[in-house]
Amino acid sequence: MGESILSGTVFAAGISVGPAILPGIFPLAPLLAFNPFTEPVGVIHYMIVGAVMFTAGVVCMALKRNALGVLMGIELVLNGANINFIAFSSPYLRGDGAPTLGLDGQLIALFVILLAAAEAAVALAITLNFYNNHATVDIDRADDLKG
Amino acid sequence: MELPSVLPTLLGLAWLVPLASFVAILFAGPRMGHHGRGAARVATAAIVTSLVLSLAAMVGWLSQHPVRNAVHGGHAAAHGSADGGHGSDAHSSSDHVASGHDGGSHAADHDAGHAASPVAYSGDWYTLYEGGRLKLSIGWYIDALTVLMFVMITFIATCIHIYASDYMHDELHDVEDHEVHLAGGGHFHRPGRYPRFFQALSLFCFSMLGIVIAGNLAMVFIFWELVGICSWFLIGFYYERKSASNAANKAFIVNRIGDFGMLIGLMALWGALGTLNFADTTDRAGDSQPGLFSLVRPTVTEHAQWVPDGMVKFAAADRIAVIVRKHAGDPRAAVDEVEEQLDTWRGEGLGRWLLLVAGLGIFCGCVGKSAQFPLFVWLPDAMEGPTPVSALVHSATMVAAGVYLVGRFYPVLTPDALLVIAYVGAITLFISATIALVANDIKRVLAYSTVSQLGYMMLALGVGGWLAGLFHLVTHAFFKSLLFLCSGSVIHACHTNDMRKMGGLRRVMPWTAGTMLVGCLAIIGAGVPFVIGTSGYYSKDSILAQALLFSRTNPAHWILFYAVAGGAMLTAFYMFRLWFMTFAGEPRDHHVHEHAHESPPAMVYPLVALAVLAVIAGWTLPGGFSIANMIEQARPAGTGAEEAGGLLFNSFTIPAEHESHEGSVHVVATWTAFLTAAAGVFLAALMYVWKVISPSMVAAVFSPLTAFLVNRWYFDELYAFLFVKPILAVSRLASDTDKGVIDKIIDGIAWGARQVAGIDSWIDRNLIDGLVNATAATTWSAGLELRKLQTGHLRQYIMFIVLGTVALFVLASMLFRSTLAG
Numbered sequence: 027m028g029e030s031i032l033s034g035t036v037f038a039a040g041i042s043v044g045p046a047i048l049p050g051i052f053p054l055a056p057l058l059a060f061n062p063f064t065e066p067v068g069v070i071h072y073m074i075v076g077a078v079m080f081t082a083g084v085v086c087m088a089l090k091r092n093a094l095g096v097l098m099g100i101e102l103v104l105n106g107a108n109i110n111f112i113a114f115s116s117p118y119l120r121g122d123g124a125p126t127l128g129l130d131g132q133l134i135a136l137f138v139i140l141l142a143a144a145e146a147a148v149a150l151a152i153t154l155n156f157y158n159n160h161a162t163v164d165i166d167r168a169d170d171l172k173g
Numbered sequence: 003m004e005l006p007s008v009l010p011t012l013l014g015l016a017w018l019v020p021l022a023s024f025v026a027i028l029f030a031g032p033r034m035g036h037h038g039r040g041a042a043r044v045a046t047a048a049i050v051t052s053l054v055l056s057l058a059a060m061v062g063w064l065s066q067h068p069v070r071n072a073v074h075g076g077h078a079a080a081h082g083s084a085d086g087g088h089g090s091d092a093h094s095s096s097d098h099v100a101s102g103h104d105g106g107s108h109a110a111d112h113d114a115g116h117a118a119s120p121v122a123y124s125g126d127w128y129t130l131y132e133g134g135r136l137k138l139s140i141g142w143y144i145d146a147l148t149v150l151m152f153v154m155i156t157f158i159a160t161c162i163h164i165y166a167s168d169y170m171h172d173e174l175h176d177v178e179d180h181e182v183h184l185a186g187g188g189h190f191h192r193p194g195r196y197p198r199f200f201q202a203l204s205l206f207c208f209s210m211l212g213i214v215i216a217g218n219l220a221m222v223f224i225f226w227e228l229v230g231i232c233s234w235f236l237i238g239f240y241y242e243r244k245s246a247s248n249a250a251n252k253a254f255i256v257n258r259i260g261d262f263g264m265l266i267g268l269m270a271l272w273g274a275l276g277t278l279n280f281a282d283t284t285d286r287a288g289d290s291q292p293g294l295f296s297l298v299r300p301t302v303t304e305h306a307q308w309v310p311d312g313m314v315k316f317a318a319a320d321r322i323a324v325i326v327r328k329h330a331g332d333p334r335a336a337v338d339e340v341e342e343q344l345d346t347w348r349g350e351g352l353g354r355w356l357l358l359v360a361g362l363g364i365f366c367g368c369v370g371k372s373a374q375f376p377l378f379v380w381l382p383d384a385m386e387g388p389t390p391v392s393a394l395v396h397s398a399t400m401v402a403a404g405v406y407l408v409g410r411f412y413p414v415l416t417p418d419a420l421l422v423i424a425y426v427g428a429i430t431l432f433i434s435a436t437i438a439l440v441a442n443d444i445k446r447v448l449a450y451s452t453v454s455q456l457g458y459m460m461l462a463l464g465v466g467g468w469l470a471g472l473f474h475l476v477t478h479a480f481f482k483s484l485l486f487l488c489s490g491s492v493i494h495a496c497h498t499n500d501m502r503k504m505g506g507l508r509r510v511m512p513w514t515a516g517t518m519l520v521g522c523l524a525i526i527g528a529g530v531p532f533v534i535g536t537s538g539y540y541s542k543d544s545i546l547a548q549a550l551l552f553s554r555t556n557p558a559h560w561i562l563f564y565a566v567a568g569g570a571m572l573t574a575f576y577m578f579r580l581w582f583m584t585f586a587g588e589p590r591d592h593h594v595h596e597h598a599h600e601s602p603p604a605m606v607y608p609l610v611a612l613a614v615l616a617v618i619a620g621w622t623l624p625g626g627f628s629i630a631n632m633i634e635q636a637r638p639a640g641t642g643a644e645e646a647g648g649l650l651f652n653s654f655t656i657p658a659e660h661e662s663h664e665g666s667v668h669v670v671a672t673w674t675a676f677l678t679a680a681a682g683v684f685l686a687a688l689m690y691v692w693k694v695i696s697p698s699m700v701a702a703v704f705s706p707l708t709a710f711l712v713n714r715w716y717f718d719e720l721y722a723f724l725f726v727k728p729i730l731a732v733s734r735l736a737s738d739t740d741k742g743v744i745d746k747i748i749d750g751i752a753w754g755a756r757q758v759a760g761i762d763s764w765i766d767r768n769l770i771d772g773l774v775n776a777t778a779a780t781t782w783s784a785g786l787e788l789r790k791l792q793t794g795h796l797r798q799y800i801m802f803i804v805l806g807t808v809a810l811f812v813l814a815s816m817l818f819r820s821t822l823a824g
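So the protein lines, in turn, are chains A and B. Each residue of the first sequence is one higher than the last, beginning at 27 in our numbering. Each residue of the second sequence is one higher than the last, beginning at 3 in our numbering.
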């Protein structure tokens, strides 16, 4: 059971649409029995770091009133995602030695970095303009487009 | 001069010129001169042109066919050796049509002996319809009678146009009609209608001449209806007056009744004989097609009447069907056998009834148009029209058209039809003469007198007096139009029609009085027996003589002669009653008398001209010319001979007309006419001049009779009871049905449709619109609610995204079966 959880194809092969809506109340419950500190370093640890970064980023985005803080949160979210890509892509971390080049995760991470740079540039430009107009970067003041 | 081609041209032009005048006045009338005064000149010029052309035609005719004194020489001459040339004489009107241009040689032929067929030219101007052997056309049939009628009509019409140009001068400016009673009690004002009057008069002249020149019965019928509509226009000239519009409608409707019979006659002829032409015609192939006259009186019978082949075949249709069935495969043999049997069938009398029906049908039209019993009621009411109209349309020409048509159609009328005509004429003349005795309206006396004289003509035609009837038609036209114009002159002067307000007018209106006296003398047939007399003397004598001859030949029908003789006395009485009440004695109403004056010259000249003709129209000129002799030229072939009848009545004989000129008949007739007329005048003088007998006392003594006569024999009431009221009741019933039932049904249907539409509309408004509106409202409110989510708080949006993502994950993990689970 443990192997199958650690296998890189957990999502690709394990999820299928079944006729029964609720086969189990919470199918991922066995994961709760997993203790990272007693396990050798594997994909799951990278995922934990990524999840922490992701969550920190989201919380930062949700709670920061400063637009720059929000941008930072976004960077955290993106990089949390990047760690996951890198982790799933590493041949060392993949147990079955699938015949791939092994660079697809890194490539996507590079794309994400690229996108993050572009996004940061645009977002900073927006923020700067907002500041020019409103003399502040408090995003709670930015409700001109509310419905 | 090529008479056969010149005559149709001359008379055709004379016929069409009034039409041109009508069209001109119709389109430009009110712009002709001041208030349309020029319309009278245009119309008069047109009719004078017609008169000149007609006179030219007459001169042309007389130059080719001189009228000899062969017929009425000395008023008692024998008829000439009339019956000699029947069979051998191949001269018939068809020759004229076929060869066309050699009238001269035939004329010589004609004058050499008494030809069987009269000289007549016929032909077509225009073909209305042609299909197979059936053909309807606008054509001419010109004989001496046509020419004479043209001259008479145009002459009288000319006099009346001149007269009317002055008589109608009130119409030149705005008219205040005192006889129209407005609801508010005010006076009725209207613009003058001077051009309109002459426009109708011109149209009438055109139509009347059309009847006379017509070459076939269909054309006669067309113009017959045209004069009817002209009469309607003219009677209803003062159409704002209720009485005038009623009278016009009455005249028109009563005439339609007669015309219905005429249509039956036309259909009988057209259906059985396939032609309505009077004379023979040539078809396209060049073959001669017999006309009505030669069908009914063919050469093979020496122009004696027989039932034409077409009518025999028509009546023997079932026998022909048997023969056709017998020779089923051989139509030629069937035709031959039918032809073989034809004479046998004719001998059995097949088709006689059809011929009688045809004759009586045509006569029905004449009953309506010539105001004969029982359709005479319209003519007295027609006096609502202006007096010149009464003189032209309702005494001299249009009402005489019926007599003319009977005369023209004479060869086709069977003896039985003639006897019916005679009795109708006798009843008419007696009834209307008695009503005239008590009438006080000067025009109504003349109207009843006209009806009575038309009865005379019909009676004369019916008893075999073809010449007598038509001769009286011509003379009557002159003196009756004279009398009407005189009465118009009196009315013009007195502004009233009531003779009881007149009297003593001879001092202020000598010309009118004198000419009217001439007219009265002419109508009663005054003259020195066997020497000389007014025109009426000649024509009335010949009618009396023929009636006497008929009554002698057929003693069972004695009453016809007494009707004529009694009618002569009544005529004399009421005419002189009229003259005495109007002109003699002392004025009864001084107000009227003081304002009376002699009429202007334009009205007096026509009176004088007509008076002269009323006197001389019966005379024979030294060369032998007389109107009677000229009419005699047109006598239809074979009608001069004796004829026996007996289909409807017990057998009787219609005597030959020339026998009435024999002394034994003629002398008695002349004295009867003279004495009855003298007695009538004497009685009138006793009552109205010498006042020996008081008219009021006579009226009182015979009061039931007087009331009966004053109420015109209750004919109007009778017709109202018999026809008008039932028709009104039926139409009221129909109207009630219409309103009560049919309208209700239609309303019900409409109501139902409305209800269905209401339901439909409800569904549309509530369900369909509701659905649409509900969708819109839901969308709207959903939009309103969702709008609240758009707070503009970026952090909140992030929370939504996070929560949404988490929710999606939870949902996905619940909905999708994972391999983890199993």
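The set of hints was computed from the structure by calculation and includes no laboratory data. One should not assume that every hint holds.
What the hints assert, rightly or not - Cross-link-like lysine-lysine pairs, in silico, DSS-like; alpha carbons within 30 Å at most:
hint : chain 1 : residue 1 : chain 2 : residue 2
1    : B       : 741       : B       : 727
2    : B       : 244       : B       : 727
3    : A       : 172       : B       : 790
4    : B       : 741       : A       : 90
To be verified - For the chain B half of the interface with chain A, some residues (derived, Cβ under 8 Å), not all of them:
hint : residue
5    : 554
6    : 555
7    : 688
8    : 792
9    : 794
Each residue gets a CB set at the ideal place from its N, CA and C atoms; glycine is no exception.
A quick look at each hint next to the structure:
1. B:741 with B:727: The hint holds at about 20 Å.
2. B:244 with B:727: Since the Cα atoms of residue 244 of chain B and residue 727 of chain B sit roughly 19 Å apart, the hinted pair holds (cutoff 30 Å).
3. A:172 with B:790: Answer holds: residue 172 of chain A to residue 790 of chain B is near 8 Å, not above 30 Å.
4. B:741 with A:90: Roughly 90 Å between the alpha carbons, so the hint for residue 741 of chain B and residue 90 of chain A is violated.
5. 554: violated (128 Å)
6. 555: This interface hint is violated because 125 Å lies over the 8 Å limit.
7. 688: This interface hint is violated because 125 Å lies over the 8 Å limit.
8. 792: holds (3 Å)
9. 794: At 3 Å from the nearest chain A Cβ, residue 794 of chain B passes the 8 Å test, so the hint holds.
Going down the numbered hints, you'll see the structure goes against 4, 5, 6 and 7, while the others check out.
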